[in-house]
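J.: Sequence:
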Amino acid sequence: MDYFYSKQKFKPEKGDVLISEPYLPDPNFERTVILICEHDENGTFGYVLNKPSTAHLEDVIDQISDFKERLYIGGPVQQDTLHFIHRAPDVMPEGKAVGGGIYWGGDYDRLLSLIDLKQIDPKNFRFFLGYSGWAAGQLEEELEAKSWIVCKGITAGRIFDIEDKYLWKDVLESLGGKFKMFANYPSDP
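Residue numbers (this note's numbering): 1 to 189.
Derived by calculation from the structure, the hints in this document are not laboratory data. Glycine included, C-beta positions come from ideal geometry on N, C-alpha and C. It is possible that part of the hints are untrue.
Label-pair ranges, simulated between beta-carbon atoms [claimed, not checked]:
{"id": "1", "residue 1": "185", "residue 2": "96", "range": "32 to 38 Å"}
{"id": "2", "residue 1": "38", "residue 2": "66", "range": "30 to 36 Å"}
{"id": "3", "residue 1": "145", "residue 2": "184", "range": "19 to 25 Å"}
{"id": "4", "residue 1": "11", "residue 2": "62", "range": "39 to 45 Å"}
{"id": "5", "residue 1": "26", "residue 2": "59", "range": "24 to 30 Å"}
{"id": "6", "residue 1": "27", "residue 2": "81", "range": "16 to 22 Å"}
{"id": "7", "residue 1": "184", "residue 2": "62", "range": "43 to 49 Å"}
{"id": "8", "residue 1": "117", "residue 2": "79", "range": "26 to 32 Å"}
Given the sequences, and given the hints that come with them, work out the whole structure.
T.: In structure tokens:
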């Protein structure tokens, strides 16, 4: 995996992940890993991958029962909306490729039907309430302020197979050097 940090000039792209600095003061993004699903001249949006909620999918969608998949807080924007990513393009071919074997969204009615027919493997999907968003140029300003580390080359395996409570530390450690040291900083020194 490659990373960008500090004053290096680059353009974050969909499929990259943002890793919050160890002491980022915003409680919405403390020790988070965010998958960028879209980045263009209009701005950026993505989902926090490691902030689980106490709710399950069946708690917020009446048509679903007996599907105990946990919901995640995708970010502070529009937390009354439901989104998903997956690594199952054979099951959800309508999803948009993000990169690294990760897909965003798909046909919602098909998703409900497949869940009802028990043809969805929960370990291949992650569901979010809300999302994280930045206006045009806002993310670049936060990168200049060293609020985020951008990691390129993340894979579906790393996102879906690593337990969310270890994801922030795991991704930082994989970058090596000073980032490996960051991964071990206490949350409150």
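J.: Next step is simple, just say for each hint if it's right about the structure.
T.: Structure-based check of all given hints:
1. Taking the beta carbon of each, residue 185 and residue 96 are about 35 Å apart, inside 32 to 38 Å as hinted.
2. A hinted range of 30 to 36 Å holds for the C-beta pair residue 38 and residue 66, which are about 33 Å apart.
3. Evaluation of the 19 to 25 Å hint for residue 145 and residue 184 yields a pass: the beta carbon distance comes to about 23 Å.
4. Checking the proposed 39 to 45 Å range against residue 11 and residue 62 shows it holds: the Cβ atoms sit about 42 Å from each other.
5. Range check, residue 26 to residue 59: Cβ separation about 27 Å, and the 24 to 30 Å hint holds.
6. Under the hint 16 to 22 Å, the C-beta atoms of residue 27 and residue 81, about 21 Å apart, fit the expected range.
7. Take residue 184 and residue 62: their Cβ atoms lie about 44 Å apart, and the range 43 to 49 Å holds.
8. Distance hint check: the CB atoms of residue 117 and residue 79 are about 29 Å apart, consistent with the given range 26 to 32 Å.
Hint check: no violations occur; every hint is consistent with the structure.
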